[in-house]
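2 protein chains.
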Amino acid sequence: MISVAIMGHGVVGSGVAEILATHKQKLFAAIGEEIDIKYILDLREFPDSPFADRFTKDFNVIADDIEVRVVVETMGGLHPAYEFVKECLSRGKSVVTSNKELVAAYGAELLALASEQNANFLFEASVGGGIPIIRPINQCLVANNVSEIAGILNGTTNFILTKMIHEGMGFEEALKLAQELGYAERNPEADVEGHDACRKICILASLAFGKHIYPDAVHTEGITKITAADVEYAEAWGGVIKLIGSVKKIDKDTIDIVVAPMFVPNESQLANIDDVFNGIMVRGDCTGDVVFYGKGAGKLPTASAVVADIIDSIKHFKSRKYLSWADSDNSSVLPYEDSVRAMYVRGVTDDKAAAYDKARAVFGEIHELSKENAPDSEIAFITEPLALSDFNEKLGQLGDIEAKSVIRIGDL
Amino acid sequence: MISVAIMGHGVVGSGVAEILATHKQKLFAAIGEEIDIKYILDLREFPDSPFADRFTKDFNVIADDIEVRVVVETMGGLHPAYEFVKECLSRGKSVVTSNKELVAAYGAELLALASEQNANFLFEASVGGGIPIIRPINQCLVANNVSEIAGILNGTTNFILTKMIHEGMGFEEALKLAQELGYAERNPEADVEGHDACRKICILASLAFGKHIYPDAVHTEGITKITAADVEYAEAWGGVIKLIGSVKKIDKDTIDIVVAPMFVPNESQLANIDDVFNGIMVRGDCTGDVVFYGKGAGKLPTASAVVADIIDSIKHFKSRKYLSWADSDNSSVLPYEDSVRAMYVRGVTDDKAAAYDKARAVFGEIHELSKENAPDSEIAFITEPLALSDFNEKLGQLGDIEAKSVIRIGDL
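Going line by line, the protein sequences match chains A and B.
Using my numbering, the first residue of the first sequence is number 3, and each one after it goes up by one.
Using my numbering, the first residue of the second sequence is number 3, and each one after it goes up by one.
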């Protein structure tokens with residue numbers, strides 16, 4: 003019998019306990035041993051839980067119990083999750099987490115500590131919920147040099163954008179609906195400002211390129227400024243607007259990493275990923291594009307990924323999983339102003355013909371966009387690819403044209 | 003240094019040697035040891051190969067060399083691949099293969115032998131080429147009860163259908179193009195008759211449900227009878243025709259498994275998978291639908307999956323991968339006449355109105371389809387879901403209506 007402890011009995015943590023109970027037989031078949039939930043750490047009371055007798059409020063009970071060899075961290079947040087995880091790893095316990103904030107902030111340190119202690123630190127559930135992505139990148143694509151990863155990594159914003167695209171809602175209306183349905187928090191900032199997606203692309207980038215990329219080094223834009231007009235121009239262009247986390251290898255020492263709304267062409271496999279679903283494209287030199295699709299969040303999808311990691315860590319008590327990356331000072335991150343992309347611009351002007359001429363004079367070749375019911379004063383166009391600093395400088399030269407929206411074109 | 007041998011220097015085998023050479027550094031980083039190709043088995047001569055000095059025509063050289071701990075089988079076909087793989091496993095060597103025919107025919111036996119010998123028998127490349135699918139099902143989705151797997155598993159037929167759908171080609175014309183581009187063999191039977199897809203769905207079914215399903219137990223239909231008219235009716239219905247390998251769990255002891263062209267609704271993630279790409283949907287009780295997409299064949303994608311398995315087997319010299327399924331007598335396979343699906347029928351008649359009345363009298367509720375430029379004598383409709391035996395009996399009762407096409411409706 004293998005004893006595990008679960009720290010945090012919220013949505014994911016309670017899902018982990020539920021799956022360990024309901025899938026007992028299947029899990030036994032996978033490892034040939036029974037898994038026993040010895041402790042559940044939570045400050046709240048759960049008298050009606052079927053696991054009521056396992057609850058503790060004292061972390062040290064778990065840390066001190068040498069029988070507990072795998073600890074699940076589903077508390078969320080950085081503190082005390084970080085301290086608890088560190089303590090568990092220091093004592094040679096393997097740790098499985100769904101906490102993307104923790105992995106994005108302390109992944110390199112915790113992986114190094116796990117390695118020192120010959121324990122495992124696994125976090126399949128931290129990106130893409132129930133979608134297998136960490137293990138496939140680490141194991142299945144090991145014989146590829148990954149050149150790019152791009153994904154729809156946040157279900158809440160994808161739900162909002164889907165409503166804006168397919169039902170013509172405005173941002174505020176779609177956000178309100180997402181909140182009513184429980185897809186968005188009352189304070190939706192972490193989702194709609196892109197911070198959640200940023201943590202996830204940092205984890206994927208660290209894994210694929212072997213150096214820890216910290217979220218504060220990543221230029222991050224949310225979707226709050228996207229308007230119905232932008233959605234319609236994207237459609238006229240032949241695509242949709244998606245919040246994309248993207249990382250590209252520029253050269254041996256440099257990656258271009260960003261989280262921002264982007265125009266995604268309809269032909270892209272990411273264009274059809276709607277509602278709360280996530281999709282992640284991994285471009286390898288041997289495989290070409292591989293795309294993973296599924297529910298990126300939710301109790302049971304995420305919990306099932308946690309349980310898969312529990313099983314894997316149990317199978318690897320004797321031989322550590324080779325999952326690690328080096329710490330770094332973020333010096334491999336290309337300054338975001340140097341990132342080269344084609345750009346969409348929507349602007350307001352008194353004289354459309356003159357404005358397009360001016361835009362052409364400033365940007366060179368541009369692709370004009372038109373849509374039905376556009377105000378007479380509105381222009382919209384797409385530039386050729388150029389560095390963002392160059393783009394911003396040119397935008398300032400447009401004179402009387404007031405830029406209302408500026409969105410990257412994704413080459414996906 | 004780890005010594006490996008590669009049996010078969012065809013497309014995939016030569017790709018494996020190439021990746022082991024070109025990705026040496028990355029692979030070294032993954033396992034901390036160098037991989038040496040000690041032998042390449044092939045009856046042909048390759049004097050200009052950079053590996054010219056490693057070639058042998060004698061299998062026993064490999065079998066007898068105790069330094070060789072991992073053997074790659076990329077010969078294809080059943081014999082002598084089966085005998086060679088068996089001999090290698092018997093001697094405790096791990097075997098990695100891309101040979102779907104071998105795994106579909108002898109998987110249970112070879113997995114059992116590997117287990118006995120504490121060796122690994124891995125075959126990620128046998129399904130989906132470079133798309134991670136075997137390992138995700140086996141490891142990442144271990145905490146799910148899989149209820150269904152459905153996929154576009156054959157790139158050649160998907161290319162042909164794509165040309166029929168998007169460019170209005172007929173089957174013969176599209177096949178000829180596929181042959182010219184090297185996507186289809188001169189003798190295309192294994193692809194267009196569905197045998198290749200059948201082997202792959204058998205492997206996935208065996209893995210997901212734990213019992214070996216042999217290809218001869220699976221009802222298999224190809225795409226040779228699909229016409230441009232059927233493609234147009236599918237479009238009128240709101241979907242596309244795809245060759246689908248499908249397996250569903252009916253109850254504890256029964257699975258419904260089939261390979262056949264199906265109507266796939268445009269909303270399905272499988273509908274947008276075009277050209278030579280593959281896509282595989284795995285439906286789990288916790289994750290919901292997860293979809294994997296990428297190049298299902300080709301030298302480097304397939305070879306990179308083989309190399310990932312080499313790395314995995316080297317990492318698991320000491321602890322075997324838990325990958326296995328039981329042998330079976332196929333008794334869990336639902337007789338295909340008992341399989342329940344809605345069906346599309348295209349027929350020819352002298353009197354359309356009377357024919358639809360007749361169809362309604364026989365099938366109950368039907369959904370009539372119409373398309374532009376349909377001949378006056380043509381009817382097309384979709385039935386409610388019913389058992390195939392029931393459907394066939396009713397089809398015989400249609401009297402003067404001559405059925406030209408009958409295609410399953412996929413609930414994907």
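Just to be clear, a hint being listed does not mean it is correct.
Since copy identity is lost for identical chains, a pair holds within one copy or between any two.
Taking lysine-lysine and the DSS-like style, the derived pairs with C-alpha atoms no more than 25 Å apart in a straight line are [claimed, not checked]:
| no. | residue 1 | residue 2 |
| --- | --- | --- |
| 1 | Lys88 | Lys354 |
| 2 | Lys396 | Lys178 |
| 3 | Lys26 | Lys213 |
| 4 | Lys88 | Lys406 |
| 5 | Lys178 | Lys213 |
| 6 | Lys251 | Lys28 |
| 7 | Lys396 | Lys59 |
| 8 | Lys301 | Lys40 |
| 9 | Lys28 | Lys227 |
| 10 | Lys251 | Lys59 |
| 11 | Lys178 | Lys250 |
| 12 | Lys354 | Lys301 |
| 13 | Lys28 | Lys373 |
| 14 | Lys26 | Lys251 |
| 15 | Lys40 | Lys254 |
| 16 | Lys373 | Lys250 |
The set of hints was computed from the structure by calculation and includes no laboratory data.
Each hint tested on the structure:
| no. | hint | in the structure |
| --- | --- | --- |
| 1 | Lys88 to Lys354 | neither (60 Å within a copy, 75 Å between copies) |
| 2 | Lys396 to Lys178 | neither (37 Å within a copy, 51 Å between copies) |
| 3 | Lys26 to Lys213 | between (37 Å within a copy, 19 Å between copies) |
| 4 | Lys88 to Lys406 | neither (47 Å within a copy, 68 Å between copies) |
| 5 | Lys178 to Lys213 | neither (38 Å within a copy, 48 Å between copies) |
| 6 | Lys251 to Lys28 | between (40 Å within a copy, 15 Å between copies) |
| 7 | Lys396 to Lys59 | neither (59 Å within a copy, 66 Å between copies) |
| 8 | Lys301 to Lys40 | within (21 Å within a copy, 49 Å between copies) |
| 9 | Lys28 to Lys227 | neither (47 Å within a copy, 42 Å between copies) |
| 10 | Lys251 to Lys59 | neither (45 Å within a copy, 42 Å between copies) |
| 11 | Lys178 to Lys250 | neither (34 Å within a copy, 38 Å between copies) |
| 12 | Lys354 to Lys301 | neither (51 Å within a copy, 52 Å between copies) |
| 13 | Lys28 to Lys373 | neither (55 Å within a copy, 49 Å between copies) |
| 14 | Lys26 to Lys251 | between (43 Å within a copy, 19 Å between copies) |
| 15 | Lys40 to Lys254 | neither (47 Å within a copy, 31 Å between copies) |
| 16 | Lys373 to Lys250 | neither (32 Å within a copy, 46 Å between copies) |
Comparing the model with each earlier hint shows violations of hints 1, 2, 4, 5, 7, 9, 10, 11, 12, 13, 15 and 16; every other hint is respected.
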